[in-house]
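J.: First residue of the sequence shown? That's 1 in this note's numbering, and the numbers climb one at a time after it.
Honestly, the hints are just simulated from the structure, not real lab data.
Backbone N, C-alpha and C fix where the C-beta goes; we use that ideal spot for every residue, glycine too.
Have a look at the derived ranges for each label pair, beta carbon to beta carbon:
#1 V106 to E59: 35 to 43 Å
#2 G58 to S80: 39 to 47 Å
#3 V60 to H90: 36 to 44 Å
#4 E103 to E59: 31 to 39 Å
#5 S71 to D38: 16 to 24 Å
#6 G41 to Q79: 32 to 40 Å
#7 R50 to K91: 22 to 30 Å
#8 V55 to V106: 24 to 32 Å
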Amino acid sequence: MQNSPPTLRCAASGSRVLPMDMRETELERGLRILTRIDEAGLSARRRVPRLQGVVVSGEVTIGMLMTLITSASIRSHLQSPGLQDRHELHKQWEEQLTATIQELHVHGIVWGDVHPMNVAIDEEMQAWAIDFGGMNNAEFVDDKKRKTTEGG
1 MQNSPPTLRC AASGSRVLPM DMRETELERG LRILTRIDEA GLSARRRVPR LQGVVVSGEV
61 TIGMLMTLIT SASIRSHLQS PGLQDRHELH KQWEEQLTAT IQELHVHGIV WGDVHPMNVA
121 IDEEMQAWAI DFGGMNNAEF VDDKKRKTTE GG
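Make a model of the complete structure from these sequences and hints.
T.: Here's what the structure looks like:
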């Protein structure tokens, strides 16, 4: 089954929205990946956001509306007193993210923006993989492995 990027259209006029700069290219990739995640049923089984809709301004798509994850970023949690010593939580998050990444890879989906700021910890202390727009953080993923299952 070959997946093609979704056709982006302005909600008001129905006209095709063309990418104009790098931000929109990342947006288009994020839309394509979130659509594939939803089609594969992964948002029901794994902690990844579900695409709820797109945000348009005039004839330009400017953003995505996704599942609300009610919590701060991992950075906020990691700065909480005593959390550094909660090794069982660290192991749980590692296992959750590893399982998510492995299932994404089974479906040919790459989480291209892997780094701690793209992990959200919800109110139940569960780890979510977020931001599928594809920017590569060289500190965590070598450029040669970008957008591959080997790189993330």
